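Protein chains in written order, with numbering that gives the first Met the number 0: chain A, 0 to 252; chain B, 0 to 252.
Not one of these hints is a red herring.
When chains are identical, the list treats them as one kind, so a pair holds in a single copy or across two.
BS3-like cross-link-like pairs, simulated, lysine-lysine; straight-line CA separation at most 25 Å:
no., residue 1, residue 2
1, Lys-98, Lys-55
2, Lys-119, Lys-200
3, Lys-21, Lys-112
4, Lys-98, Lys-130
5, Lys-199, Lys-119
6, Lys-35, Lys-112
7, Lys-207, Lys-235
Note that these hints are calculated values from the structure, not bench results. As the structure is a prediction and not an experimental result, all values here were calculated from the model.
Protein chains: 2
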Amino acid sequence: MINVIIIGTGNVATHLAQIFKKTNEINLLQVIGRNKTTLKPFSNFTETSSSFLEIKSADVYIIAVSDDAIDAVSKKLTINNQLVAHTSGSVAMKNLSNKNRKGIFYPLQTFSKNQKVDFKNIPICVEAENKKDEIVLQNLGEKISETVAIITSEERKTLHLAAVFVNNFVNYMYHIGNTILEDKDISFDLLKPLISETAKKATNTSPKNAQTGPAKRKDILTIKKHLHLLQNSPYKEIYEQLSQSISEEYHKK
Amino acid sequence: MINVIIIGTGNVATHLAQIFKKTNEINLLQVIGRNKTTLKPFSNFTETSSSFLEIKSADVYIIAVSDDAIDAVSKKLTINNQLVAHTSGSVAMKNLSNKNRKGIFYPLQTFSKNQKVDFKNIPICVEAENKKDEIVLQNLGEKISETVAIITSEERKTLHLAAVFVNNFVNYMYHIGNTILEDKDISFDLLKPLISETAKKATNTSPKNAQTGPAKRKDILTIKKHLHLLQNSPYKEIYEQLSQSISEEYHKK
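Could you build all of it, start to finish, from the sequences and the hints given here?
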């Protein structure tokens with residue numbers, strides 16, 4: 000049995016608390032959060048407190064707060080020499096306060112408050128200052144997920160950067176597609192099967208081999224037609240830059 | 000019963016021939032293609048010919064060839080005043096030869112030769128010069144798909160442009176993510192659940208509301224860290240441009 004306390008009440012804290020609560024060999028002892036409104040829902044299934052002074056004794060303390068609050072929250076904890084891990088993709092482990100043993104417990108996924116997630120399929124990236132703590136975090140991860148990877152802070156930075164491309168920038172491409180259609184009163188629903196299939200392809204084959212489209216085949220005529228359609232659009236430069244980059248990449252040497 | 004002949008032997012021709020063959024109320028009469036090697040597999044389940052002179056009489060002739068061959072192939076057909084439709088997203092209906100009645104039968108999906116597709120979920124965009132032919136194409140579409148939309152050549156241009164963003168450019172983002180990880184020997188598999196979830200979100204909620212990330216929240220510090228990681232990368236400018244565009248879009252007014 001691993002005793003866990005979560006500090007934070009946002010999306011990651013919510014999803015972690017729910018899965019910890021459901022998992023037999025994990026004991027979610029407490030959720031700590033200063034915002035009483037967002038803390039409230041947690042009281043339905045575990046002990047909660049809005050005071051750092053009331054924090055209990057546990058095997059792992061997980062700080063699941065926004066990136067810029069990690070430092071301050073880790074300093075406020077009224078515990079010493081305990082295993083304290085944060086859940087961020089972009090904050091280094093060393094940013095945690097020195098008074099406790101540092102660790103990372105980073106679920107590599109995008110969370111929304113009301114969308115259910117299947118933790119089994121979410122990679123958990125863990126890191127710790129010493130082997131013993133690393134094993135604790137690894138064990139904790141393995142109880143909820145089929146993929147637990149030991150990832151250094153350096154590697155995690157790279158992962159987070161890559162995630163910006165495949166998540167944030169991809170979503171922006173969806174948004175641009177949606178906007179282009181909305182302007183002409185065409186339903187975005189028509190593109191949804193294509194969106195699903197494109198994502199599926201990337202997980203089955205290498206994206207390098209899956210690349211298609213006018214820029215890939217240097218189809219200048221189609222590119223020109225598209226740029227003409229985009230002549231007054233804020234997205235014209237993005238189309239140009241991406242097409243040029245694809246074209247250069249697939250026709251180099 | 001609708002009698003159909005397919006002209007072409009590529010990915011779209013292959014998938015259409017397979018689904019037509021399987022569908023009760025559709026009679027796939029013939030597949031015509033000049034390349035005997037790529038035509039061969041079709042002979043396992045229907046009549047084939049590599050000569051345009053042997054083309055039979057049918058209700059609908061579907062030209063499924065590459066965009067730049069549509070014009071020439073439609074001119075070579077030795078039939079007159081028949082309903083001839085092409086399957087391209089980016090070629091106007093008027094590009095078909097005047098000697099036949101023109102139409103469009105555009106399945107909005109990305110096809111690979113060896114990847115199975117479920118036509119039920121693929122939107123079919125149809126267009127014709129007259130109502131009667133439009134109904135024929137609509138009926139044909141409805142026999143294989145749950146979504147058939149009547150889309151003008153103008154609208155189809157816009158759809159195709161939007162599809163470049165959500166398919167070609169999205170795949171390129173996957174490729175960039177993959178490359179960034181490969182350079183540091185980190186497995187791309189770690190990102191696959193994120194890729195699936197991001198696509199799922201876009202089909203459940205509006206991409207505008209789903210947008211997250213450093214550029215969305217104007218997290219200059221993280222953006223700077225990422226640009227530093229990308230300092231010698233060909234993808235630095237793409238990161239910069241997309242971040243700037245997202246940032247402007249979500250912080251305008």
